[in-house]
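Chemist: Working from the sequences, and respecting the hints, build out all of it.
Here is how the chains run, residue by residue.
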Amino acid sequence: MVADTHAEQPALTPGSSRRTAQEPPPQAVMGLLNYITATSLDEDYAHVSEQRRRSGDVTQKRRPGTVGMAVLAVFGVLVATAAVQTSRNADQSASSRASLVSQVNARADVLDRQRTTAQELQREITALGDAQLASTTEGRSLESRLNRLGVLTGATAARGPGVQVVVDDAPGAKSPKFMVQAPDLQKLANGLWTVGAEAVAVNGQRLTSLSAIRDAGSAITANYVSLRPPYTVSAIGNPKRMGADLLDTSGGQTWATLQSFGLKFDVNTEDNMLLPAAKRVALRYAHEPERRRP
Amino acid sequence: MIAAIGLLIGVLAGLLLQPDVPIWLEPYLPIAVVAALDAVFGALRAFLDGIFDDKVFVVSFVSNVLIAALIVYLGDKLGVGGQLSTGVIVVLGIRIFSNVAAIRRHIFHA
Numbered sequence: 005m006v007a008d009t010h011a012e013q014p015a016l017t018p019g020s021s022r023r024t025a026q027e028p029p030p031q032a033v034m035g036l037l038n039y040i041t042a043t044s045l046d047e048d049y050a051h052v053s054e055q056r057r058r059s060g061d062v063t064q065k066r067r068p069g070t071v072g073m074a075v076l077a078v079f080g081v082l083v084a085t086a087a088v089q090t091s092r093n094a095d096q097s098a099s100s101r102a103s104l105v106s107q108v109n110a111r112a113d114v115l116d117r118q119r120t121t122a123q124e125l126q127r128e129i130t131a132l133g134d135a136q137l138a139s140t141t142e143g144r145s146l147e148s149r150l151n152r153l154g155v156l157t158g159a160t161a162a163r164g165p166g167v168q169v170v171v172d173d174a175p176g177a178k179s180p181k182f183m184v185q186a187p188d189l190q191k192l193a194n195g196l197w198t199v200g201a202e203a204v205a206v207n208g209q210r211l212t213s214l215s216a217i218r219d220a221g222s223a224i225t226a227n228y229v230s231l232r233p234p235y236t237v238s239a240i241g242n243p244k245r246m247g248a249d250l251l252d253t254s255g256g257q258t259w260a261t262l263q264s265f266g267l268k269f270d271v272n273t274e275d276n277m278l279l280p281a282a283k284r285v286a287l288r289y290a291h292e293p294e295r296r297r298p
Numbered sequence: 009m010i011a012a013i014g015l016l017i018g019v020l021a022g023l024l025l026q027p028d029v030p031i032w033l034e035p036y037l038p039i040a041v042v043a044a045l046d047a048v049f050g051a052l053r054a055f056l057d058g059i060f061d062d063k064v065f066v067v068s069f070v071s072n073v074l075i076a077a078l079i080v081y082l083g084d085k086l087g088v089g090g091q092l093s094t095g096v097i098v099v100l101g102i103r104i105f106s107n108v109a110a111i112r113r114h115i116f117h118a
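Chains A and B, in that order, are what the protein sequence lines are.
The first sequence: position 252 = 256 (this note's numbering), numbered continuously.
The second sequence: position 97 = 105 (this note's numbering), numbered continuously.
Since the hints were derived computationally from the structure, they do not count as laboratory data.
Computed from a predicted model, the values in this text were never measured in an experiment.
Any given hint could be a false lead.
[Said to hold, decoys possible] Ranges of calculated distance between the beta carbons of each label pair, as one might list FRET restraints:
id, chain 1, residue 1, chain 2, residue 2, range
1, A, SER222, B, LEU37, 50 to 56 Å
2, B, GLY90, A, LEU115, 34 to 40 Å
3, A, GLN107, B, LEU74, 39 to 45 Å
4, A, THR70, B, GLY90, 21 to 27 Å
5, B, LEU82, A, ASN38, 25 to 31 Å
6, A, PRO30, B, LEU20, 30 to 36 Å
Ideal Cβ positions, reconstructed from N, Cα and C, are used throughout, including at glycine.
Modeler: Laid out in structure tokens, this is it:
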């Protein structure tokens, strides 16, 4: 097919009667790819053989001579060198990758060790602080205040009785109407706060004053961590009253409505739950009490 | 025959001597090889067509290699080395394929 394109390409067939002298050159008419294919053989070969035939040169020098052999030898050297070079570089890049991997592993080990050390030191600091506070009356009152604030702000883990609300999408839900949405979870959490919860967590994510329950794509996130249904909202507080009181809040009423759509909404009391501490909150603002200043 | 001997000598010399390519020449070696390959297949097709000429072969080989390397060099300097290399490879690849197709027809008469 390809070799015949010379004959098939109308622009290359000379002497057509309709064609004028101003006919554009073949490369302009044929399109780039066709032109490349049609002239894949260097035109010089045809040109030189045409010249030779015209000049009546009968000494047909059609075999490669010593010059051709030399050029082919150069070509061989070129190919061999390129191949050798490539395989050599491949070895190099493989070994450098291996050394990078071992470096990464070594650094990860160091990081692990330092994390452990940091945790140990943190525990030590807490223990020393507790001991310091427990040694004075003022310190003890401060400590109890600290514990209370720690629970309320989510800085420390909280343990105690409370209620556990398990909510989930309606079975086989296809439309968002029958699925738990972030605002529904927000209303539920706010309802629990309203009825006196001291600490609230959604699927193990402790809610603080800085937490957000949001839609992120198809998932709901709390503290920027994706949650998977079913959603378990745990709240520490008075287990006898919170469950009943919750239904009187607007959040509870929203969920009563949602329940009629087939969404799951179970409230259970728990005797002892452990809610984890929220992720460490970075201290952004602090000031020394006035009276301590010199 | 003489061509095959030349090629063999070249490959053996390259493998045995393993010449060190200077670092500045390294990026141009692969593209030079592809350009040389195009010239060699063109020569083989011309040989089978009965219009082979030593001088044309030498000139086309040297100019192919030099121009390909020059284009890549220029592209590197202009910051479009990768794109220009791709362009050169595409054009040379098309030429190689159509030349090989012609050679195949010569050998198998199909």
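Chemist: Does the beta carbon distance between LEU82(B) and ASN38(A) stay inside 25 to 31 Å, or does it fall outside?
Modeler: holds (27 Å)
Chemist: With respect to the beta-carbon atoms only, verify the hint that GLN107(A) and LEU74(B) lie 39 to 45 Å apart.
Modeler: Holds, since GLN107(A) and LEU74(B) (Cβ atoms, about 42 Å apart) stay within the stated range.
Chemist: CB of PRO30(A) to CB of LEU20(B), is that within 30 to 36 Å?
Modeler: Check failed, 43 Å falls outside 30 to 36 Å.
Chemist: Quick one: are SER222(A) and LEU37(B) within 50 to 56 Å, going by C-beta?
Modeler: Because 51 Å falls inside the window, the suggested range holds.
Chemist: Cβ-Cβ distance between GLY90(B) and LEU115(A): within 34 to 40 Å?
Modeler: Roughly 37 Å apart at Cβ, these two residues keep to the hinted range, so it holds.
Chemist: Quick one: are THR70(A) and GLY90(B) within 21 to 27 Å, going by C-beta?
Modeler: Roughly 39 Å apart at Cβ, these two residues miss the hinted range, so it is violated.
Of the numbered hints given earlier, the model fails hints 4 and 6; all others are met.
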